[in-house]
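Given the structure of chain Y, go ahead and fit chain G onto it with the hints provided.
Protein chains: 2
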Amino acid sequence: MSFGFEISAQDGGARRGRLVTAHGPAETPAFMPVGTAGTVKAMLPDQVRATGAEIVLGNTYHLMLRPGAERVAKLGGLHKFMDWPGPILTDSGGFQVMSLGQLRKLTDKGVTFRSHIDGTQYELTPERSIEIQRLLDADISMVLDECTTWPVDRSEAAKSLKLSMAWAARSKDAFWARPGYALFGIVQGSVFDGLRAESAKELVEIGFDGYAVGGLAVGEGQAEMFRVLDVTVPILPAARPRYLMGVGRPEDILGAVDRGIDMFDCVLPTRMGRTGKAFTRRGEVNMRNARHTEDPRPIEEGCLCPACRRFSRAYLNHLFKAGEMLGPMLLTWHNLQHYQDLMRGIRGAIEAGAWAAFKAEREAAYQAGDIPTLGA
Amino acid sequence: MSFGFEISAQDGGARRGRLVTAHGPAETPAFMPVGTAGTVKAMLPDQVRATGAEIVLGNTYHLMLRPGAERVAKLGGLHKFMDWPGPILTDSGGFQVMSLGQLRKLTDKGVTFRSHIDGTQYELTPERSIEIQRLLDADISMVLDECTTWPVDRSEAAKSLKLSMAWAARSKDAFWARPGYALFGIVQGSVFDGLRAESAKELVEIGFDGYAVGGLAVGEGQAEMFRVLDVTVPILPAARPRYLMGVGRPEDILGAVDRGIDMFDCVLPTRMGRTGKAFTRRGEVNMRNARHTEDPRPIEEGCLCPACRRFSRAYLNHLFKAGEMLGPMLLTWHNLQHYQDLMRGIRGAIEAGAWAAFKAEREAAYQAGDIPTLGA
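Those sequence lines, one after another, are chains Y and G. Position 359 of the first sequence, counted from 1, bears residue number 359 in the working numbering, the numbering being contiguous throughout. Position 40 of the second sequence, counted from 1, bears residue number 40 in the working numbering, the numbering being contiguous throughout.
Quick caveat, the hints were computed from the structure, so don't treat them as lab data. No experiment lies behind these values; they were computed from the predicted model shown. Some hints could be false.
[As the list claims (entries may be wrong)] Simulated crosslink set (DMTMM-like; lysine to aspartate or glutamate; CA at most 20 Å straight-line): (1) Y/K321 <-> G/D83; (2) G/K172 <-> G/E198; (3) G/K321 <-> Y/E205.
Isolated chain Y (complex conformation) (with noise of 0.2 Å):
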């Protein structure tokens, strides 16, 4: 099977479409729910598929570290050991050895660092990247790339630039093609339009099979993201998947979608689900909040998770409150629920030629608030 990506429908900038890989197929736009270390947390892998998630995200960076890109690949590769059987994509590692790594040195020919774990020295490179996600069996590898802080300035974003396209380069001589897997670049440049256009042009001039957005949602804001996506997406081929990294809440999507981006990954469903916080149509709601104490109701009426199906939102108040496990397994899963059904809510709407008014709707939706608290 050759990896493809079809587009069905197209509705505004946004695009209906659909990948094709060596692990199956992905229906865009698309979100994949992240599964750090070979597991999206709390969940068993029939339940993430059963929200509706078709492609997940493993990160190089914790799975070298733990339990190693060998072993992994010993054991059958990622897929099997994680049994996760649909299509995977892997990050490069590089931006959580930046956030993560402990003394760090970066050189043009790669970045040496200890593992936050347990001090273990590792070097990474783009070939070394490439051959960890090849072991890992990704359906999508991602090239390595540098991420620059933020704020950062120009000149400062123009060399971390020059260093991700030689990087990007490299990549792409070091990964294997073979039918159904795929190399994504990264466009850089932070919030410097002439950057992200330089770095769009030089990814398409290397040529890939996919592309990717990277260094946004890192504090510049929506509307700053949002305007990098007018200035970036033109330049990217229109035939080619669109991939905005990291982002983001529900909000975000909707915007980036509208932009033309197709893929997307963020462990805000996940990691707000570990704390208590609920995503609905009416906006985010903290189950743990006093106010859901004595709450018979779902959290929210007509959701499909078992959270909302099966208990009220006095018991998940509960839960949370006394530490319980059940707790973070539910809103985890009600969380990826509320994601999957956003996606296919926006998949639908492309398909029916109803984008705007999906778009509006939603939007408008998720400023409403939460439902008033009983007897208040």
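Relative to the frame of chain Y, chain G by itself:
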């Protein structure tokens, strides 16, 4: 539906029976997973049910403190609150008041204590314990008793027993008899045969729907525990269910079933699952052990739990090393599956008149030790 206990087969001392409660039946010998604070830790109710469990235990002490019995009642009772439509047994709270409550003051009337959570003062009397269990809507309530410390001298144990028997009578007076709902008495008396016999006789005189043996598995050892059962069980009415509280390891359960016990509860399968220890037919196996790091085999061949059907020992080892919640989730499931499979095996063997052979085979297997390490 009236509370009932039907014995369908007997083989030696072992009995094959069925509890019939307001919330449905439960086959015996039965193992009741512990759902302390309204949740069997790390498990969804459907998953608990999928292991074969038909009845679960709730802890009065934990639930009276948080979320509170009146609140649970207001929300429709414990079955609805925790989404467990089947039978629930609640303990009386006495044991946890002694082990967790602070600044305890014991009088003939009852016990006052401060919550280990927030210091709030509570009073627990036989009457209040029964009221709480009624508010929770427990199918089977337990009398409030005083749990003696271990070890204890005979005069202390006798004094404590006297109080427990007075409380048992008051508990019965406070209990509202309703169809399908039961109240069990609890035999105390530590390891003193005379006291155990006296306690059993007094309880039978008061008259209960079932009889528990309490105050065991507190450090006295398996031989002493079995000896106490040998003294106690013959005094209990054959037609009523017998419940050995807080027991135990699989070998304890085999020995107790052999002595005529019908019901068990224990935190071991769930608690040990959370720390990485798996119960198998060949004994306990610590999944954190380095010898599993590259082992592609399941915890136990033939086990139908998802940990064994879908994942390798290597993966489970990784999850526990990485501190991922999926590790406790999967091992809790596996351990509960092991216990329920054991109970199913016990019930089948009694029905088939093959109890002695089954017991001997299982006891030998538990001593066998884990399968040899791969490549060792």
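So if I understand the rule, the pair passes when the alpha-carbon distance is 20 Å or less; does G/K172 with G/E198 pass? Roughly 18 Å between the alpha carbons, so the hint for G/K172 and G/E198 holds.
Check the hint pairing Y/K321 with G/D83 against an upper bound of 20 Å on the C-alpha distance. 18 Å, holds
Would the hint linking G/K321 and Y/E205 be met if the CA-CA limit is 20 Å? With Cα atoms ~43 Å apart, G/K321 and Y/E205 exceed 20 Å; violated.
In this structure, only the earlier hint numbered 3 is contradicted, and the remaining ones agree with it.
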